[in-house]
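Construct all of the structure, not just a fragment, from the sequences and the given hints.
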Amino acid sequence: MVPHTCALCYPEPMRELALTLLLALLGGCGSVCTSPATRCAGSVLELCSPSGHWRRVADCSEVRGLDATWECLEVDGEHDCVPEGQL
Amino acid sequence: MTAPRRMPTSDEVRGLWASLRSTYTSEVASKADSETMRLVAHALNAMGVLDAGDFLERFTTTIGRTIYVPFEVGVATERHTLWRQVVICVHEHVHIDQLDREGEVAFSLRYLLDPEARATYEAEAMRANVELRYWLDGQVHDLAKLAGNLRYYGCRSQDVDLARRLLEMSARIVRRGGVANRASQLAIDWLEQHTRGLRA
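In order, the protein sequences belong to chains A and B.
Remember, my numbering sits 23 above the position in the first sequence when you count from 1.
Counting from 1, position 139 in the second sequence corresponds to residue 121 in my numbering; the numbering is continuous, with no gaps.
Everything labelled a hint here was simulated from the structure, so no lab data went into it.
Heads up, the beta-carbon is just placed ideally off N, CA and C, and yes, glycines get one too.
Any given hint could be a false lead.
[As the list claims (entries may be wrong)] Beta-carbon label-pair distances, calculated as ranges: (1) B:Val57 to A:Ala64: 39 to 49 angstroms; (2) A:Glu107 to B:Glu60: 41 to 51 angstroms; (3) A:Glu101 to B:Ala126: 15 to 25 angstroms; (4) A:Leu89 to B:Asp119: 17 to 27 angstroms.
[Unchecked claim] Just a sample of chain B residues kept apart from chain A, beta carbon distances all over 10 angstroms, derived: (5) Gly(-3); (6) Ser1; (7) Ala11; (8) Ala14; (9) Asn27; (10) Gly30; (11) Thr59; (12) His62; (13) Arg66; (14) Leu118; (15) Gln121; (16) Tyr135; (17) Thr177; (18) Arg181.
Listed below in C-alpha cells is the structure:
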C-alpha cells in the first residue's frame, strides 16, 4: 500500500512498484512517529524527525568511556545513552 | 575551529591519517587532481547548489572509500590547519562507517536523494568534531552553528533543526564521558598513544 501523501505513487503497476521500493529504501513517505519523540530501539537511541521518521542518534552499546558498558534508557522522560548502573 | 594547546606536527597528522586509512582500507585523493570532482563541481555550480571553486577548495568529499581532500595531508594552510586536518580525517571516516553499516547503494541513495537522511548522516559525522574537541579542551561546539553548516549541503531549515537536535543528544553523551563514533574512538586512542601536549 502506497502512503496517500505520495502524489507520484499512483501510476501503472511497474512504476508504482519501483517507486514504492525506492521510497521504502528511503524510509517511506508516511509518518510513523511524532516529532520530537525519542525511543530506544534495542540499544539504538533514536529521535523522531519532523517528517515523522525515526532517525538514528547512536548505538549506545558501541559507546566507549568511563570504563563502563553503555545502554539506552529513558531518563527524565527522554531517552539517552548512559553508562550502566549510573542511574 | 578550536586551536589546540600546540598544533599537531605534520608527522602526527600523517600518522593518524595512515592509521585510519589502514583500519578502514580507505584511500586519499587530491580533489584538485580528480576529473570526477571537477565534473561534480561544475554540476553543483550549474544547479546553483554550490560555487565550483568553493566545492573544490573548501570541502572534503568522500565517495565510497575514497576521500577527496582539498589539501595535502600534513601540510598546513590557512584554511586547513593541521588540527582541522585531524578532525576532517575522523569526520570522513564516519561516513565510511555509515557506508559499511547500511550498504553502499542504500547509503548513497539516501544521502543523495533525501535531505533529512543527509542531515542525519552529517550530524553523526559532526559528532566526531564534537568528540574530538571535547577530548582536546573539554569544550563543546556551538551546536546550532555547527548544524548550520548543512545549508551548504542542500539541506532545508527543518533538516538543519533536526541535525541540531541530533547533535544536542550526542553532546549529552559526550559530556557524560562517552565517545560514540568508532572513528573517534580509534583516533583518540591513536592520539593518546602517539602525541604529547595536545590537550589543554
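Checked hints:
1. The beta-carbon spacing between valine 57 (chain B) and alanine 64 (chain A), approximately 44 angstroms, falls within the hinted interval of 39 to 49 angstroms.
2. Our hint of 41 to 51 angstroms for glutamate 107 (chain A) and glutamate 60 (chain B) holds, since their Cβ atoms are close to 45 angstroms apart.
3. Our hint of 15 to 25 angstroms for glutamate 101 (chain A) and alanine 126 (chain B) holds, since their Cβ atoms are close to 19 angstroms apart.
4. Between leucine 89 (chain A) and aspartate 119 (chain B) the CB atoms are about 19 angstroms apart, so this pair conforms to the stated range of 17 to 27 angstroms.
5. For glycine -3 (chain B), the requirement that its beta carbon stay farther than 10 angstroms from each beta carbon of chain A is met, with the minimum near 21 angstroms.
6. The beta carbon of serine 1 (chain B) sits about 17 angstroms from the closest Cβ of chain A, which is more than 10 angstroms, so the claim that it is off the interface holds.
7. At the 10 angstroms boundary, the C-beta of alanine 11 (chain B) stays outside the reach of chain A, the nearest C-beta of that chain being 28 angstroms off.
8. The claim that alanine 14 (chain B) is not at the interface with chain A holds, since no C-beta of that chain comes within 10 angstroms of its own (minimum 33 angstroms).
9. The beta carbon of asparagine 27 (chain B) sits about 26 angstroms from the closest Cβ of chain A, which is more than 10 angstroms, so the claim that it is off the interface holds.
10. Distance to chain A confirms glycine 30 (chain B) as a non-interface residue, since its nearest Cβ pair spans about 24 angstroms, more than 10 angstroms.
11. Non-interface status of threonine 59 (chain B) relative to chain A is upheld: no Cβ of that chain comes within 10 angstroms, the nearest being about 33 angstroms off.
12. Every Cβ of chain A is farther than 10 angstroms from the Cβ of histidine 62 (chain B); the closest lies at roughly 28 angstroms, confirming the non-interface assignment.
13. No Cβ of chain A comes within 10 angstroms of the Cβ of arginine 66 (chain B); the nearest lies about 24 angstroms off, and the non-interface call holds.
14. Distance to chain A confirms leucine 118 (chain B) as a non-interface residue, since its nearest Cβ pair spans about 15 angstroms, more than 10 angstroms.
15. No Cβ of chain A comes within 10 angstroms of the Cβ of glutamine 121 (chain B); the nearest lies about 17 angstroms off, and the non-interface call holds.
16. The non-interface label for tyrosine 135 (chain B) is consistent with chain A: the shortest C-beta to C-beta separation is roughly 16 angstroms, beyond 10 angstroms.
17. The beta carbon of threonine 177 (chain B) sits about 19 angstroms from the closest Cβ of chain A, which is more than 10 angstroms, so the claim that it is off the interface holds.
18. A cut-off of 10 angstroms between C-beta atoms confirms that arginine 181 (chain B) is not in contact with chain A; the least separation is 15 angstroms.
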